[in-house]
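**Student:** With the sequences and hints as input, model every part of the structure.
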Amino acid sequence: LLYGRAARNLHRLEAISRSPFLSHFSETISGAGLSTIRAYHLEDNWTKKFEELSDRWSVRFIVFQEGKKWDVMIVQMQVELQSRMTSYDRICFYSSNLPQEVKRSDENPIDPSQDWPNAGRIEFDNVTFRYRQGLPYVLKGVSFDLKGGEKIGVYGRTGAGKSSLLFALFRLIELDPKLQPKMIDLETGFLVESDKTEEPNKGRVLIDGIDISKVDLSRVRQSIAIIPQDPTLFTGTLRYNLDIGGKYQNDNRLWEVLGMIEMRDVIAGLPLGLDTQVAEGGSYFSAGQRQLICFGRAILNNC
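At position 24 of the sequence shown (counting the first as 1) the number is 24 in the numbering used here, and the numbers step up by one without a gap.
Hints were generated in silico from the structure; no laboratory data involved.
Backbone N, C-alpha and C define an ideal beta-carbon position, used for all residues, glycine too.
Don't take every hint at face value.
Derived PhoX-like pairs: lysine-lysine, alpha-carbon spacing no greater than 25 Å straight-line [what the hints assert, rightly or not]:
| hint | residue 1 | residue 2 |
| --- | --- | --- |
| 1 | LYS68 | LYS49 |
| 2 | LYS196 | LYS147 |
| 3 | LYS151 | LYS140 |
| 4 | LYS214 | LYS178 |
| 5 | LYS147 | LYS182 |
| 6 | LYS140 | LYS196 |
| 7 | LYS151 | LYS103 |
| 8 | LYS140 | LYS202 |
| 9 | LYS182 | LYS140 |
| 10 | LYS147 | LYS68 |
| 11 | LYS214 | LYS202 |
| 12 | LYS162 | LYS151 |
For each label pair, taking beta carbons as the anchor points, the in silico distance ranges come out as [what the hints assert, rightly or not]:
| hint | residue 1 | residue 2 | range |
| --- | --- | --- | --- |
| 13 | ARG5 | LEU172 | 36 to 46 Å |
| 14 | ILE91 | ALA225 | 23 to 33 Å |
| 15 | ILE110 | LEU42 | 19 to 29 Å |
| 16 | VAL154 | ILE110 | 23 to 33 Å |
| 17 | GLU256 | ASP115 | 41 to 51 Å |
**Tutor:** Okay, here's the thing in structure tokens:
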């Protein structure tokens, strides 16, 4: 029993120290990581941080390995099983204890028509929110009205709240206090009491005159699309990356959209065409080509 408790704790400590070490190593060997380190002459700082993380993990790894030595094989096997259950423990915790997103408001819920949104009008009505309790507001009293078809540019310094507009648009942050998820302490599993003196998030985001907090969350996110500066392609075929839901039975529409985004000749020139396997992150394609593929995906989903 004593050995079992020690093994579980040692394995937990080793796993906790291993993740930062591997993350640091992965960031370093990536193309962008090496370029950034060299550009800012941070080789010494990065090496020192690597050595600190390596030492921290190595010490715990050695202690964990030494702690596993036991004379009786059956006892060791039993304890190994118990120590491995740490991962299962965390999976159960995250799957059962974390609060789920609320799909939509219970007050006057709305089921928009199939062609919503058809005009593309976006309204922000006095949007005010912070990412979590105790932090300052990232948007405060923001209101504007964008007509469908307009091309809008948003500029400002770092931290001004440009990306936060998209958080509100995609409901990554809820504005309705009744929809805001409860905070939970990951160490204890208990809910964190909210500060009653803090003003909650507020405001509305409307698309074609409909308050998106009253629409099912999955419907909202299916109806709009974002193409980030560093777009994401999934492991699989090009066809899968364009038509993730498998909505189209033949490839005619896919080739039509590829022509619209001026990628038809590029894809047709590949040996397997639409059946070309995409590497993780889409490394076979340039950043601009990945953006165009994501743009085609948005067109095919009628976003």
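**Student:** Taking the hints in turn, state whether each one holds.
**Tutor:** Status of the hints after comparison with the structure:
With a C-alpha separation of about 29 Å, the suggested pairing of LYS68 with LYS49 is violated against the 25 Å cut-off. Proximity of LYS196 to LYS147 is assessed by CA-CA distance (about 38 Å); at most 25 Å being required, the pair is judged violated. For the proposed pair LYS151 and LYS140, the alpha carbon gap of about 23 Å is at most 25 Å, so the pair holds. At roughly 12 Å between alpha-carbon atoms, LYS214 and LYS178 fall within 25 Å of each other, so this suggested pair holds.
Under the criterion of a C-alpha separation no larger than 25 Å, the hint pairing LYS147 with LYS182 is inconsistent with the structure, at around 35 Å. For a cut-off of 25 Å, the pair hint linking LYS140 to LYS196 stands: about 19 Å separates their Cα positions. With a C-alpha separation of about 30 Å, the suggested pair LYS151 and LYS103 falls outside the 25 Å cut-off, and the hint is violated. Only pairs whose Cα atoms come within 25 Å are accepted, and LYS140 paired with LYS202 is accepted, the gap being roughly 9 Å.
A distance of roughly 22 Å separates the Cα atoms of LYS182 and LYS140; the hinted pair therefore holds under the 25 Å criterion. Distance restraint check for LYS147 and LYS68: the Cα-Cα separation of roughly 65 Å exceeds the 25 Å cut-off, and the hinted pair is therefore not satisfied. Note on LYS214 and LYS202: the hinted pairing holds, with a Cα-Cα distance of about 14 Å set against a maximum of 25 Å. The hinted pair formed by LYS162 and LYS151 meets the criterion: a straight-line CA distance of about 15 Å does not exceed 25 Å.
As the Cβ distance of ARG5 to LEU172 is approximately 40 Å, the hint placing it in 36 to 46 Å holds. Between ILE91 and ALA225 the beta carbons are some 31 Å apart, a value that agrees with the proposed interval 23 to 33 Å. A hinted range of 19 to 29 Å for the beta carbons of ILE110 and LEU42 is inconsistent with their spacing of about 51 Å. Range check, VAL154 to ILE110: Cβ separation about 27 Å, and the 23 to 33 Å hint holds.
For GLU256 and ASP115, the hinted distance range of 41 to 51 Å is not satisfied, since their beta carbons lie about 20 Å from each other.
The structure shown violates the earlier hints numbered 1, 2, 5, 7, 10, 15 and 17.
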